[in-house]
Amino acid sequence: MIAKITRGKQMRRLLAYLYDTVRAKDHTDPHLVASWDGFAPDPGRDPDSKTAMQQLTNALELRLNQARGKDQQVPDKPVWQCSVRAAPEDPLLADAQWADIARRIVAATGIAPASDPDGCRWVAVRHADDHIHIAATTIRGDLRTARHWNDYLRADKELEAVERDYNLRIVIRGDLTAAKRPTRAETEKAHRTGHHHTPREQLRATIRTIVAVSTSTEEFFHHLNRSNILVEMLRFPSGDIRGYKVALPGDTNAAGEPVWFSGSTLAPDLSYPQIHARLTATPLQPTPVVGTRRPNPWHQATAAIERIPHHLTHSNDATAQAHITAFAEALDVLPVVTPKVVRAQVRQAALAFERASRSRIKADHQHAKALRGAIRAIARQPIAADGATLAMFLDAAVLALVAIQRWQSARHHNQQVQAAHRTLTHLQTAYDHTAPAPLATLTQRQLTESVMHNQAARIRQAVPAYAERILTESAWPALATTLADAETAGHDPARLLQQAADQRALTDARSPAQVLTWRIRRLTQRPAPSPRAKAAQARSVRLTGVGTVQGPSNTIAPTTHSANSLSHSPRRRQ
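In the UniProt record's numbering, the protein residues as written are 1 to 574.
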């Protein structure tokens, strides 16, 4: 079960919505299932519904009006509303069961504590099979304001007990780091205006992309002002920036004014202080000296992403969280630079991973400078049209995402695990659209039987635990061609295989042959070692005995990083 708590000013307006069956097409048979004393008028059952509605409103507002009559201070929004919804697979609950749940919620939240005669007045309305709405005014019988701080957490905790008591589905609880979901009004307004996403969601995605491509707060605001959104800077009396707010052109309220959203209301990590901390932790990339070989930023970003699993395993949580945040920025940049054929999938991946990128762990952004710097660079670097560079990047991203999902699961970040699971599906789809063309180009180049035999021998020597699987994959000819090209360019294929396998175990790979192909292609972008360097490498091998990479066992079948690798419970808000 999930709860959602909101506050308002007018009880009459809330009750009118709860009992409405004309504008709200999904409302059926609205009626009371419980109230503060069990005798409240019910407009859904009274033949004179209009009179009953007035009586119910007056009864609920009685203490509020009494407090105002005595010039006592009352909350600006004294109307409290809590919706409680069952999971789709839960059994249909009877009115009496919903009534019991409502009483438990108002008691747990402090609205009407058990055995307290001065508790607030409240009603529970049911207008659908799967949920109820609890409406209350937050003035007690002694005309004091109810003590209902942390009401959401209290309600959430009580619903955990309700799920056990009623044998309902246990849903995932969050850590309150999720971005605020669109309100019903925002969603309905978006549908009326023909938009798939609400202004809140559109602005959130835009701001995240701008943060990902910016190298400083000055550049962030420069891009913000050049984007197709309204921007207003907020400053301290000293003139220093304290925040910002944004709005979509044409998105106005009843008064015709723009509907503004501050960064922190879009997402916790989009507040100005959070953005400032991330951008100041990323130094500007030095300008390459004229005449020097400029590294490919896509290869740099891929290499940094390949190291994420290592950081997650061998670093502290703050460092790991920094790399997860930077990985999210990489996904935010992808829709800007990728071909149209995969743009929708990478955009969905970025939107899904937004939830997985935040937790209660505070990131130490200084430790993800390499990845973040490479991300800024790829935003300015056109991607190669052959698809190989993007396939290489996506392959590394998929393996990093599997490691992130495992890291989040070990820390019981359940909502983040679900978000990473959804992201994995989109990234794998994007990879599956991208990789076939460059792999086919490599496969079409027929190698002689002797060359294939030599490459197979190298595979058996370098990665014996995965050799037979690799040699039977459809991508094996592409890997053999890649090794042959590397040898022609002056590289040592055996050493490249060792380096590629050493970067990360192949346990999580759907296709070890494809993973090795992309890793070796990236490694061969570096100049081949000189004869003197080769001689030094040979001496190092003889002295250290390094030469092969052993897997866990020659008989162990590696697991896959399929989208169904972990089981999940239903998603809940926050």
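There may be inaccurate statements among the hints.
[Unchecked claim] Cβ pair distances, simulated, as ranges:
hint, residue 1, residue 2, range
1, N316, D29, 51 to 59 Å
2, T6, T51, 48 to 56 Å
3, A370, K77, 45 to 53 Å
4, R460, T313, 26 to 34 Å
5, T51, S409, 30 to 38 Å
For the record, the hints were derived by calculation from the structure and aren't laboratory data. None of these values were measured; they are calculated from a predicted model. Note that beta-carbon positions come from the ideal geometry of N, C-alpha and C, so glycine has one too.
So, going through the hints one by one against the coordinates:
1. For N316 and D29, the Cβ-Cβ distance of about 55 Å falls inside the hinted range of 51 to 59 Å, so the restraint holds.
2. The supplied range of 48 to 56 Å is broken by T6 and T51, whose beta-carbon atoms lie about 27 Å from each other.
3. The beta-carbon spacing between A370 and K77, approximately 47 Å, falls within the hinted interval of 45 to 53 Å.
4. With their beta carbons about 28 Å apart, R460 and T313 fall inside the hinted range of 26 to 34 Å.
5. T51 and S409 have their C-beta atoms about 56 Å apart, which leaves the hinted 30 to 38 Å range violated.
Hint check: violations occur at hints 2, 5; the rest are consistent with the structure.
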